[in-house]
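Student: The chain contents come next:
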Amino acid sequence: MPLPKRRGNKVKGVQFTVMVVGLYLQIIVTWIWTCMAHKDVDTPDNAHAEERVRIKPVNVELEEEGANYDDILAEQSRIKRNPRFRDNRVHALLYFYRATGHHLREIDIELMRRLSPRVNVIPVREDIDHHDIPIYNFPYDRNMELRALLPFAVIGSEEEIDVNGEPVRARIYPWGIAEVDNPEHSDFGGYSHLPDLKMLTEDVLYETYRTEKLSRSVHSDIRSLRAQSVRLKREQQLRRDEEKREINEKRQELLAKEESLRNLESRLAAQGLGPEASY
Amino acid sequence: MTEEIRAESYVGFDSITQQIEHKLLKRGFQFNVILVGQTGLGKSTLINTIFASHLVDSKGRFTSDEPVRQTTEIQAVSHVIVENGVKLRLNIVDTPGYGDQVNNENCWDPIVKYIKDQHSAYLRKELTAMRDRYIQDTRIHCCLYFINPTGHSLRPIDVIVMKKLSEVVNVVPVIAKSDSLTPDERESFKEKIREELVYHNIRLYPFDTDEDDQEEVAVNEAIRAKVPFAIVGSDTSVIIDGKSVRGRKNRWGVVNVENKEHCEFMDLRDFLTRTHLQDLIETTAQIHYEAFRSKQLLALKEGVNQRPAQ
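Chains as they are written, first to last, in the numbering used here: chain A, 7 to 285; chain B, 250 to 559.
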């Protein structure tokens, strides 16, 4: 499967944050380690880039309308650290859900629905023997090939090693051996040959990050402009109101003054004109 | 202790066992089982596999525009299976949608209520002055509880529900879709589950009673060592070594449901149908129903005592 080469890789040193959500942490963590294990030495500009993966398992109880549902989150998988940029937002969320054989459960749908406005959600289906029922519309539009694979069916293993002339990463069952790197067994198997999974994931993440960054700045520009114009209008309105009020006040004052003058005049007239008037 | 005597010549009353059998064969047996677990864990498939018949349809949603099931509509499906002249009346109660919602509070209430309702119905019939000779028994004899094969431990909801259910019915927990675990993972998962069951004081079937002899106690111990049964179900057949067996084919092999090295389905099947079927029915009547009955009758008596005060 031909992949577009990463364009003008100027991204060394940007921090990507991937959040992983799922019930079966062991499998997920194993899979991530499996993917990250291979260093990308093909492209020269990455050769020196430091790779750090840190996984912090966190037990979170989601209180949804009084109910308890345990989700195990693996946080902060940092790929390529750069001391300058400290962007801690989550750029992508890998949502691992258990295949029920029928459909997504309400909790899965609800969780993904609530998460999607805040972060790009990539649904990943665990350890199944056939693809079907992808009902969730993945909001990331760029890579059609990836999209066709959704939801990804994956196997992860870092421990089981079977020597068949050479070591193979696999899960060993009484009825067969599921090889991690075999593309017939896992959707990300054999990534060391063709689509370099790391490149793939990084491309996905990079595109996601870029899109987000750009759209955010555009949105923020628009938003600030809009905010500005609103402010201006409001200020104008306030000024006009202020002026009106002042004018009114002044008028009232003038009227009042006129009134008092007239009073004075009439009183004087009643008493007789001039200061010499006396009886 | 009365002394046992041996008659001087053969009388022939030992044929009473055949007489009873003959009667029972005519009447048939009733077995009621309830399946509890989240959607998609293979409950319907398992019961079909155990009785080697298509008894229940799977209840999952198959299209995305079907609404998520909101309520647990607890319904019984009845079948009569005949084997060598023995008639078995089966009631299978499914609990679709259990544990699927975002808010799963009290999702066990309808299930516990259903079980108690069956005791209640039986009691009412028993207390009727003109009662039937043979009361139709809808009391649940066995509850198969399906555990998600996460490989970690029981979820809080599993603990709560199993505890509540074990107070009213015989609970037999199983690890659903266990072919997603390797043998090592399976063993450590079972260990953890057993620890948690002990920790939370969850009383599972089989129970040891004073009447059990050594052999029976040993059998119960063996069962308890296997619980929860790690099972795989299948309503399709595959060909392995020229034989047609129930199995599942996936990308890296074929799981033979009937192979004891692949899963513990055969152990569960034998346990439920070949060794403990009668005991499940009996303990339901003698332990769970009796407990319910005494509570109800005591409450009735209290009610009667309080009435003069009104």
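Hints in this document: simulated from the structure, not taken from any laboratory. For each residue, glycine too, the CB sits at the ideal point set by N, CA and C. Treat the hints with care, since some could be wrong.
[Said to hold, decoys possible] Here's a subset of chain A near chain B, in silico, CB distances under 7 Å, partners left out:
| # | residue |
| --- | --- |
| 1 | P173 |
| 2 | R177 |
| 3 | I178 |
| 4 | Y179 |
| 5 | P180 |
| 6 | W181 |
| 7 | G182 |
| 8 | H191 |
Student: Hints first: check each against the structure and report whether it holds.
Tutor: Quick rundown of the hints versus the structure:
1. P173: With Cβ-Cβ at 17 Å, over 7 Å, it is violated.
2. R177: holds, 6 Å
3. I178: Interface hint status for A:I178: holds (6 Å vs cutoff 7 Å).
4. Y179: holds, 6 Å
5. P180: Status holds, d = 5 Å.
6. W181: holds, 4 Å
7. G182: holds, 2 Å
8. H191: Constraint on A:H191 satisfied, holds at 5 Å.
The structure fails hint 1 only (numbered hints given earlier).
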